[in-house]
Amino acid sequence: MRILFCLSACLLFCVNLPAQLPQLTAADPASPIYLSTLSIDVRVIGNRATTTFTMAFHNPSKRVLEGQFAFPLPEGAYVTRYALDVAGKMREGVPVEKVRATQVFEAIEKRQVDPGLLEKTEGANFRTRIYPVPAGGERRVIVGFEQELPVIKSGELVYQLPLEAKEVLRTLSINVTVLQQGPSPLLDAIPFGSLAFIPSSEGYTARAQGENVRLKGALAFRIPKNSSRPEVFVQKGDGRHTFYVHTALSGPAKEKVLPKSVAVIWDNSLSGLYRDTASELQLLKNYLTECRNTTVLLYSLHNRFRAEGEYAIREGNTKALLQKIRSLPYDGGTDYGRIRLPKVEEVLFFSDGVSTLSDSPFPAAPCPVYAISGSSRANHGTLRSIAQSNGGVFINLKNTAPDEAMVSQRSQSFFFLGVK
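Positions in the sequence shown are counted from 1; adding 466 to them yields this note's numbering.
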C-alpha cells in the first residue's frame with residue numbers, strides 16, 4: 467500500500483464546524499468514530515516549530531466503518547509528515563503532484579485497497595479517507611507540520627495550538643522541547659492539568675500525561691529572544707553538517723496618517739459563523755477609536771455585495787456601526803466577483819479568505835487593504851496576498867491579540883524584498 471500526499475488543492479469545499487483538533491468523521495452519522503488517544507510532540511528550533519500529532523481513533527460499533535479524516539493547520543504551516551497504520555505497521559506517506567496522485571489512487575483503489583490519499587482543501591485544511599476502521603477496533607494516524615513562529619511587539623516568539631475537544635480522551639501526552647540556552651519559555655495557556663518548562667540538555671522541556679482527559683483551551687507559550695544576536699544551530703548526520711541560522715531584521719517603523727474615510731467589508735457568508743467575530747469587532751472598535759473622526763462605508767459580502775450604510779464616527783463613537791454589524795445574518799457562500807470597491811482612503815476586509823461561489827479574485831484597490839480574520843480555518847495565503855498586493859497587511863487574530871494588531875494598523879507597511 468502507498469500513502470500519498472496531494473500537493474494541489476481540490477475543488478470541493480464543505481463548510482463544517484471548526485474542529486480545533488483533527489477529526490475522523492464516519493460516513494454514517496449514526497455510528498460515530500471517537501478520538502481515543504492523542505500524543506502531541508512540539509519541537510522548536512530558532513523561529514521554527516515542528517508539531518506532530520499521533521492519534522488513535524476508536525470505532526465502538528459492531529460493523530466496519532469508513533471515516534473522513536480532516537484537520538486544520540495554523541497560518542503558514544505546511545504538512546511534513548503523514549502516516550497511517552496498515553496491517554499493524556505505520557506506513558509513511560510520500561508527496562506527489564496531484565495528477566500523479568490521482569493516477570496511483572485509481573490504480574490502487576481498483577485492487578480494493580485504500581491508498582490513503584491526503585488532499586488539501588480550501589484554506590489551510592487537509593483531509594483523507596480512512597478505510598476500514600474495524601468493528602470495535604482502532605486506526606492510528608500521524609500528522610506532522612512545520613511553521614514559522616510569529617514575533618510580537620516584545621520581541622518574543624509565540625506558539626499557539628488550539629486544543630478544544632468534545633470527547634474525553636482515554637490517554638493524552640504532551641511533550642514540548644525548545645532548543646534554547648537563554649531565558650526559559652513562558653507558558654500562557656495549557657489545555658489540561660499542569661505543565662512547566664524545566665532545563666534540559668537540549669534547552670527546555672515541558673511534559674504532561676493524563677487519562678480520561680477533556681481538552682479545553684490551547685497550548686500557548688512565548689519564547690524570549692535576543693534580537694541583536696543571531697542563533698546558529700548545527701546538526702550532524704549522514705556524514706555531513708547542516709546549519710540553521712535565525713536572525714531578526716529590524717525594519718523601518720513609521721506611523722501613517724490615519725484615514726478620513728474607510729470601507730468595511732464584512733463577510734457574512736455561512737462560514738462567518740465560525741470566525742472569532744468578537745475579536746474582529748474589538749479590533750475594529752480599537753482602530754476607529756484611534757482614528758476618532760472618520761467616515762465608514764459598511765458593506766456585507768456573501769453571495770451578494772450590499773451597501774449597509776454610511777456611518778460618521780465622531781470622537782471614536784462606534785456604537786451604531788458595531789450594532790449594525792452584529793445584526794447581519796450569516797448565510798450562503800462568498801463571491802469575490804461581486805465586490806465593487808468605493809473611493810475611500812482605506813479598506814478593512816473581514817473574512818476567512820474563502821470565495822466559494824466563484825474563482826474571481828479580490829479586485830485591485832486604489833488604496834491600502836487590511837485583511838483581517840479570526841478564523842482558525844482561514845485561507846491565510848489568500849488573505850495575505852490580498853493585503854500585500856494592495857499595500858496593506860494581513861492580521862491573523864488567531865495568533866495576534868487585537869491590541870497587538872493595532873501596531874500593524876497604525877504603521878506604514880514595509881516588506882522585505884532582499885539584500886544587496
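Heads up, some of the hints might be wrong.
To be verified - In silico DSS-like links for lysine-lysine, alpha-carbon gap of 25 Å or less:
no., residue 1, residue 2
1, K555, K528
2, K586, K864
3, K619, K722
4, K751, K864
5, K682, K722
6, K785, K726
7, K720, K682
8, K785, K751
9, K720, K751
10, K555, K619
11, K619, K790
12, K702, K720
13, K702, K751
14, K864, K682
15, K751, K809
16, K726, K809
17, K751, K726
18, K682, K632
19, K864, K619
20, K790, K726
21, K720, K790
22, K619, K528
Hints are computed from structural coordinates only; laboratory data are not their basis.
Verification of the supplied hints:
Restraint check for K555 and K528: satisfied, since their Cα atoms lie roughly 23 Å apart, inside the 25 Å limit. Between K586 and K864 the alpha-carbon distance is near 21 Å, which keeps this suggested pair within the 25 Å criterion. Straight-line distance between C-alpha atoms of K619 and K722 comes to about 18 Å, which keeps the hinted pair within the 25 Å bound. Distance check on the hinted pair: K751 and K864 sit about 18 Å apart at the alpha-carbon level, within 25 Å; holds.
For the given pair, K682 sits about 40 Å from K722 by alpha-carbon distance, which is inconsistent with the 25 Å threshold. With a C-alpha separation of about 18 Å, the suggested pairing of K785 with K726 holds against the 25 Å cut-off. For the hint pairing K720 with K682, the CA-to-CA distance comes to about 40 Å; that exceeds 25 Å, so the pair is violated. For the proposed pair K785 and K751, the alpha carbon gap of about 9 Å is at most 25 Å, so the pair holds.
For the proposed pair K720 and K751, the alpha carbon gap of about 22 Å is at most 25 Å, so the pair holds. About 46 Å separates the Cα atoms of K555 and K619, which puts this hinted pair outside 25 Å; it is violated. A C-alpha spacing of about 32 Å is found between K619 and K790, which places the hinted pair above 25 Å, so the restraint is violated. A C-alpha spacing of about 43 Å is found between K702 and K720, which places the hinted pair above 25 Å, so the restraint is violated.
Taking the CA atoms of K702 and K751, the gap is about 51 Å. The hint is violated against a cut of 25 Å. Proximity of K864 to K682 is assessed by CA-CA distance (about 16 Å); at most 25 Å being required, the pair is judged to hold. Among the hinted pairs, K751 with K809 is consistent with the structure: their alpha-carbon atoms are about 22 Å apart, no more than 25 Å. Using a Cα cut-off of 25 Å, the hinted pair K726 and K809 holds, with the two alpha carbons roughly 12 Å apart.
Simply put, K751 and K726 have alpha-carbon atoms about 15 Å apart, close enough for the 25 Å limit, and the pair holds. A C-alpha spacing of about 9 Å is found between K682 and K632, which places the hinted pair at or below 25 Å, so the restraint holds. The hinted pair formed by K864 and K619 meets the criterion: a straight-line CA distance of about 16 Å does not exceed 25 Å. For the hint linking K790 to K726, the alpha-carbon distance of about 20 Å falls within 25 Å, and the restraint holds.
Between K720 and K790 the CA atoms are separated by roughly 33 Å; this puts the pair beyond 25 Å, and the hint is violated. For the given pair, K619 sits about 54 Å from K528 by alpha-carbon distance, which is inconsistent with the 25 Å threshold.
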